[in-house]
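Novice: Here are the chains, one letter per residue:
4 protein chains.
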Amino acid sequence: MTGDEKGIPSLVKNRRLVEQRRSQIIHGAFNLFVRKGFHKTTTREIARECGLSIGTMYEYIQTKEDVLYLVCDYIHAELERRLREALEGIRTGKEGLMRAVSQHFRLMGEMSDYVLLIYQETKSLPREAKKRILQKEEEITALFEEVLHRGIRDGTLKLDASSVKLMAHNIMVLGQMWTFRRWALGGHYSLEEYTRRQTALLLSECTQEDAGGE
Amino acid sequence: MTGDEKGIPSLVKNRRLVEQRRSQIIHGAFNLFVRKGFHKTTTREIARECGLSIGTMYEYIQTKEDVLYLVCDYIHAELERRLREALEGIRTGKEGLMRAVSQHFRLMGEMSDYVLLIYQETKSLPREAKKRILQKEEEITALFEEVLHRGIRDGTLKLDASSVKLMAHNIMVLGQMWTFRRWALGGHYSLEEYTRRQTALLLSECTQEDAGGE
Amino acid sequence: MTGDEKGIPSLVKNRRLVEQRRSQIIHGAFNLFVRKGFHKTTTREIARECGLSIGTMYEYIQTKEDVLYLVCDYIHAELERRLREALEGIRTGKEGLMRAVSQHFRLMGEMSDYVLLIYQETKSLPREAKKRILQKEEEITALFEEVLHRGIRDGTLKLDASSVKLMAHNIMVLGQMWTFRRWALGGHYSLEEYTRRQTALLLSECTQEDAGGE
Amino acid sequence: MTGDEKGIPSLVKNRRLVEQRRSQIIHGAFNLFVRKGFHKTTTREIARECGLSIGTMYEYIQTKEDVLYLVCDYIHAELERRLREALEGIRTGKEGLMRAVSQHFRLMGEMSDYVLLIYQETKSLPREAKKRILQKEEEITALFEEVLHRGIRDGTLKLDASSVKLMAHNIMVLGQMWTFRRWALGGHYSLEEYTRRQTALLLSECTQEDAGGE
DNA sequence: GATGAATGAGAATTCATTCAT
DNA sequence: TATGAATGAATTCTCATTCAT
Numbered sequence: 001m002t003g004d005e006k007g008i009p010s011l012v013k014n015r016r017l018v019e020q021r022r023s024q025i026i027h028g029a030f031n032l033f034v035r036k037g038f039h040k041t042t043t044r045e046i047a048r049e050c051g052l053s054i055g056t057m058y059e060y061i062q063t064k065e066d067v068l069y070l071v072c073d074y075i076h077a078e079l080e081r082r083l084r085e086a087l088e089g090i091r092t093g094k095e096g097l098m099r100a101v102s103q104h105f106r107l108m109g110e111m112s113d114y115v116l117l118i119y120q121e122t123k124s125l126p127r128e129a130k131k132r133i134l135q136k137e138e139e140i141t142a143l144f145e146e147v148l149h150r151g152i153r154d155g156t157l158k159l160d161a162s163s164v165k166l167m168a169h170n171i172m173v174l175g176q177m178w179t180f181r182r183w184a185l186g187g188h189y190s191l192e193e194y195t196r197r198q199t200a201l202l203l204s205e206c207t208q209e210d211a212g213g214e
Numbered sequence: 001m002t003g004d005e006k007g008i009p010s011l012v013k014n015r016r017l018v019e020q021r022r023s024q025i026i027h028g029a030f031n032l033f034v035r036k037g038f039h040k041t042t043t044r045e046i047a048r049e050c051g052l053s054i055g056t057m058y059e060y061i062q063t064k065e066d067v068l069y070l071v072c073d074y075i076h077a078e079l080e081r082r083l084r085e086a087l088e089g090i091r092t093g094k095e096g097l098m099r100a101v102s103q104h105f106r107l108m109g110e111m112s113d114y115v116l117l118i119y120q121e122t123k124s125l126p127r128e129a130k131k132r133i134l135q136k137e138e139e140i141t142a143l144f145e146e147v148l149h150r151g152i153r154d155g156t157l158k159l160d161a162s163s164v165k166l167m168a169h170n171i172m173v174l175g176q177m178w179t180f181r182r183w184a185l186g187g188h189y190s191l192e193e194y195t196r197r198q199t200a201l202l203l204s205e206c207t208q209e210d211a212g213g214e
Numbered sequence: 001m002t003g004d005e006k007g008i009p010s011l012v013k014n015r016r017l018v019e020q021r022r023s024q025i026i027h028g029a030f031n032l033f034v035r036k037g038f039h040k041t042t043t044r045e046i047a048r049e050c051g052l053s054i055g056t057m058y059e060y061i062q063t064k065e066d067v068l069y070l071v072c073d074y075i076h077a078e079l080e081r082r083l084r085e086a087l088e089g090i091r092t093g094k095e096g097l098m099r100a101v102s103q104h105f106r107l108m109g110e111m112s113d114y115v116l117l118i119y120q121e122t123k124s125l126p127r128e129a130k131k132r133i134l135q136k137e138e139e140i141t142a143l144f145e146e147v148l149h150r151g152i153r154d155g156t157l158k159l160d161a162s163s164v165k166l167m168a169h170n171i172m173v174l175g176q177m178w179t180f181r182r183w184a185l186g187g188h189y190s191l192e193e194y195t196r197r198q199t200a201l202l203l204s205e206c207t208q209e210d211a212g213g214e
Numbered sequence: 001m002t003g004d005e006k007g008i009p010s011l012v013k014n015r016r017l018v019e020q021r022r023s024q025i026i027h028g029a030f031n032l033f034v035r036k037g038f039h040k041t042t043t044r045e046i047a048r049e050c051g052l053s054i055g056t057m058y059e060y061i062q063t064k065e066d067v068l069y070l071v072c073d074y075i076h077a078e079l080e081r082r083l084r085e086a087l088e089g090i091r092t093g094k095e096g097l098m099r100a101v102s103q104h105f106r107l108m109g110e111m112s113d114y115v116l117l118i119y120q121e122t123k124s125l126p127r128e129a130k131k132r133i134l135q136k137e138e139e140i141t142a143l144f145e146e147v148l149h150r151g152i153r154d155g156t157l158k159l160d161a162s163s164v165k166l167m168a169h170n171i172m173v174l175g176q177m178w179t180f181r182r183w184a185l186g187g188h189y190s191l192e193e194y195t196r197r198q199t200a201l202l203l204s205e206c207t208q209e210d211a212g213g214e
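Respectively, the protein sequence lines represent chains X, G, C and Z.
The first sequence runs 1 to 214 under the UniProt record's numbering.
The second sequence runs 1 to 214 under the UniProt record's numbering.
The third sequence runs 1 to 214 under the UniProt record's numbering.
The fourth sequence runs 1 to 214 under the UniProt record's numbering.
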């Protein structure tokens, strides 16, 4: 075992190659997992889908769970990257919050299937990998916490400090909710409408004098 | 095939027996699914856990997925039953809402593992069964819709009709959120505190003049 | 897991059946192991050879190594049984020694392949199983020790007590030697001649006044 | 394919290099085979252990079995070389026998693991290679035969000619016995004591008037 | 109705060997 | 010569389901 990108050991040394092949694996597995779920997808299917022989694929991972981890990690990285993008150059906490929430809901609409995947399959990861994924989720949530704190500091948001963490999680969940309740909500609200309403709800909570206080 | 309780055919005619055995199966499978997940639980384990022989168990179900369905259905039925209990004898919509939300959060705390199970394993159900489970979820959500409508009608709640469905789903999800974010929230808020804060948030949304309007 | 005959757990309860099926497995594996060695024999071949489906075979064992253990154990049990037979009704230590040695060499001739199997494949057993096999080997060797001690006590054999264990092992090995040196010895000595000469050597060592002394 | 040292073809021409690399391979494989056995050692492990890339290693061998052969051959060559050393400058057959036996037992003590390796893994060699190894074994045995014959001729040993071959094999086996019965003997006799006793036994057989006769 | 032995398709993973660079 | 990425046949073991008793 030589390489060890992202905590997943690889038999192949060449870093470039590892990255490239893993990208193939991630994108191949991606679709399959979304379509059939992790358990009903076989390693051979993944290999075929990503254009590698089964043997070659196993040069870049150790177990099928590794693939799941790579996929989940990729989704999270993508979400985080794009969320951070939205936060570049903000001037006030409130502006940041609005941009972040807006982007978050957009991402949940775009990456609906992938987020759902994380919800449903994370539990299949080995303990350590699961921990890392949950930590990543917390890091993303922390982006909202930061922006909320900033708004409190610069006076553009009214929120008790003790509510910040909960509010951040609420933002995360009310966004993700679209991915796992689309079957029910989709018939009644468009994504745009859904976003507008939920955003209003969330913002009103962060701008009221007494919001979330004890 | 003779019996057909709850859409799951059974080889056994005696209704009483079917119900009793299925109850055994549900409770045995329950714990196993929570502990190990659906896929990692074997039918043999289920049979052993519920004190039936594998052959006998298969007299009362047709496939392993049937067991999952029975379990999910049982959880839902339990949730619905206890939520309805809380709504008995209410006088106003607002009172109903408060009681229902309170009970909902209590249930999410008590049945945390089971709700999580539904979130994670529903996708493993065959199409038809999945539909039925989602429908049940919608029925439960509808309890909140009803109470919200009642409150609007009797003037105890201020909410735009177009927001009712969304609000009902929000209540559901902010309650369930405890089950799948406990790993992050548990360290910062007790279930009581969590309930109080989220309830406040939800109620404030249903009592403001302009809440959720277009 | 229910049955646990001989330390190898079985999924099948019926003891009779377990014994019968395992006998099938032993005899099927036997020939294959002798012909091709343990590693080059596949589990499917074993199953086919013993007339069971692969699934059924695995109801009676847990791993391929279990089969090896069962085979080795069976060979040893057979060897011990037949060696004990030869010792029934002996009157003196010397008589016992002569009968035992004679029988031992006969057995090595008859069961040549099986003894060789134990020599070559024991190392493939998991630690615990290996220990049990070596212990059995020591028990068999102890049969010779006993008879030597008896001869010393009744005066029919002359041997220092400190030499008994070594002599017993020598008897074992000079017998087994036929199984793993037949390729060289076979061309020059018949089994009968081999037996006669080695027996003479061994007996002379146990009947000389000064034999093996310090 | 160009080189063909020791019957194992190599893609590399340079003899020096072939010898050097093969020496690396032998010593790397050596330890691994002893520790884990031939089958459980992978070619990758061998390559890593001997500091060659897998590709390079395969320039000097053709199959994994070749490595086993090289190792076995090396052990045998070493054994033979050191046994011949002990025989240099002997004056009588008896002196030769005593020196050879002494050296043989010393070697069995020192190279215990390697001898055991030959015992256990030779069967995994392809037919031809196995033959060559057995032939080598016979050649080493022949060293004892020669010395025995010499002793008969010069009158220092008393032994029937028909017993010479058997006696030579007995010497070999009673020495090797230490390698495969150490688990049982080691607790009761030190190597020195073992050697002394077995040597006494063997010598007594070669110096008695009637030893091994018909 | 109850039992549990039988089944075999299917799954993940390994590893000796090759060959383009 | 040296390298190491690629290959895929082969292997062990599992497990949902059936069916004779």
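Keep in mind the hints are simulated off the structure, nothing from the lab.
Keep in mind that this is a model prediction, so the values were computed, not measured.
Careful, some of the hints might be misleading.
[Claimed, not checked] Straight-line distance between alpha carbons at most 27 Å, and here's what the computed DSS-like set of lysine-lysine pairs gives:
id: 1; chain 1: X; residue 1: Lys131; chain 2: G; residue 2: Lys36
id: 2; chain 1: X; residue 1: Lys158; chain 2: X; residue 2: Lys131
id: 3; chain 1: C; residue 1: Lys123; chain 2: Z; residue 2: Lys165
id: 4; chain 1: G; residue 1: Lys40; chain 2: X; residue 2: Lys64
id: 5; chain 1: X; residue 1: Lys36; chain 2: X; residue 2: Lys130
id: 6; chain 1: C; residue 1: Lys136; chain 2: Z; residue 2: Lys123
id: 7; chain 1: C; residue 1: Lys130; chain 2: C; residue 2: Lys36
id: 8; chain 1: X; residue 1: Lys158; chain 2: X; residue 2: Lys130
id: 9; chain 1: Z; residue 1: Lys36; chain 2: C; residue 2: Lys130
id: 10; chain 1: X; residue 1: Lys36; chain 2: G; residue 2: Lys131
id: 11; chain 1: C; residue 1: Lys123; chain 2: Z; residue 2: Lys64
id: 12; chain 1: X; residue 1: Lys13; chain 2: Z; residue 2: Lys40
Novice: Now tell me if each hint is right for this structure.
Specialist: Status of each hint after checking the structure:
1. X:Lys131 to G:Lys36: 17 Å, holds
2. X:Lys158 to X:Lys131: Between lysine 158 (chain X) and lysine 131 (chain X) the Cα gap is close to 33 Å, so the pair fails against 27 Å, i.e. violated.
3. C:Lys123 to Z:Lys165: 30 Å, violated
4. G:Lys40 to X:Lys64: Distance ~15 Å between lysine 40 (chain G) and lysine 64 (chain X) Cα, so the pair holds.
5. X:Lys36 to X:Lys130: Status holds; Cα separation ~21 Å.
6. C:Lys136 to Z:Lys123: 24 Å, holds
7. C:Lys130 to C:Lys36: Since the Cα atoms of lysine 130 (chain C) and lysine 36 (chain C) sit roughly 21 Å apart, the hinted pair holds (cutoff 27 Å).
8. X:Lys158 to X:Lys130: 35 Å, violated
9. Z:Lys36 to C:Lys130: 14 Å, holds
10. X:Lys36 to G:Lys131: 17 Å, holds
11. C:Lys123 to Z:Lys64: 20 Å, holds
12. X:Lys13 to Z:Lys40: 24 Å, holds
Hints 2, 3 and 8, counting from the list given before, are not met by this structure.
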